[in-house]
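Q: Its first residue numbered 0, the sequence shown is counted upward by one per residue in numbering that gives the first Met the number 0.
Hints are computed from structural coordinates only; laboratory data are not their basis. Each residue gets a CB set at the ideal place from its N, CA and C atoms; glycine is no exception. Hints should not be assumed to be uniformly reliable.
Each pair of labels, with its calculated beta carbon distance range [stated by the list, open to error]:
| no. | residue 1 | residue 2 | range |
| --- | --- | --- | --- |
| 1 | Glu55 | Met0 | 26 to 34 angstroms |
| 2 | Trp11 | Glu55 | 16 to 24 angstroms |
| 3 | Gly56 | Pro13 | 16 to 24 angstroms |
| 4 | Ile80 | Gly57 | 13 to 21 angstroms |
| 5 | Lys78 | Lys10 | 16 to 24 angstroms |
| 6 | Glu4 | Glu55 | 24 to 32 angstroms |
| 7 | Ile80 | Glu55 | 14 to 22 angstroms |
Capping the alpha-carbon separation at 25 angstroms, the derived lysine-lysine pairs in DSS-like fashion look like this [stated by the list, open to error]:
| no. | residue 1 | residue 2 |
| --- | --- | --- |
| 8 | Lys10 | Lys74 |
| 9 | Lys78 | Lys16 |
| 10 | Lys10 | Lys68 |
| 11 | Lys16 | Lys74 |
| 12 | Lys78 | Lys10 |
| 13 | Lys68 | Lys79 |
| 14 | Lys68 | Lys16 |
| 15 | Lys21 | Lys68 |
| 16 | Lys78 | Lys68 |
| 17 | Lys21 | Lys78 |
| 18 | Lys79 | Lys16 |
| 19 | Lys79 | Lys21 |
| 20 | Lys21 | Lys10 |
| 21 | Lys79 | Lys10 |
| 22 | Lys21 | Lys74 |
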Amino acid sequence: MRPREVLNMLKWDPRFKFERAKVTILHRGAPGDVRVVCGDEILNLGRGFMRVASPEGGEVDIPYHRILKIEINGKVVWKKI
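Please work from the sequences and hints to get the whole structure.
A: Here it is as structure tokens:
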């Protein structure tokens with residue numbers, strides 16, 4: 000499964016609470032070049048990117064290829080190889 004498919008499953012499947020998801024992304028300039036985005040910060044899942052609330056205010060588009068890991072309830076459900 001691709002990251003977008005996993006995120007859509009977590010968002011729409013009633014077995015999961017999307018706000019509990021944690022998405023680790025490559026974010027140059029952040030400590031260790033990674034940032035963790037919580038499910039409640041994800042505003043939209045587009046075709047090639049997810050739109051997230053920016054810590055500085057506003058919104059930012061994150062391409063799916065920058066996703067390193069997806070977790071739900073502390074369990075890794077997808078990891079980039």
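Q: Determine which of the earlier numbered hints do not hold for this structure and return their numbers in increasing order.
A: Numbers 2, 3, 4 and 7, in rising order.
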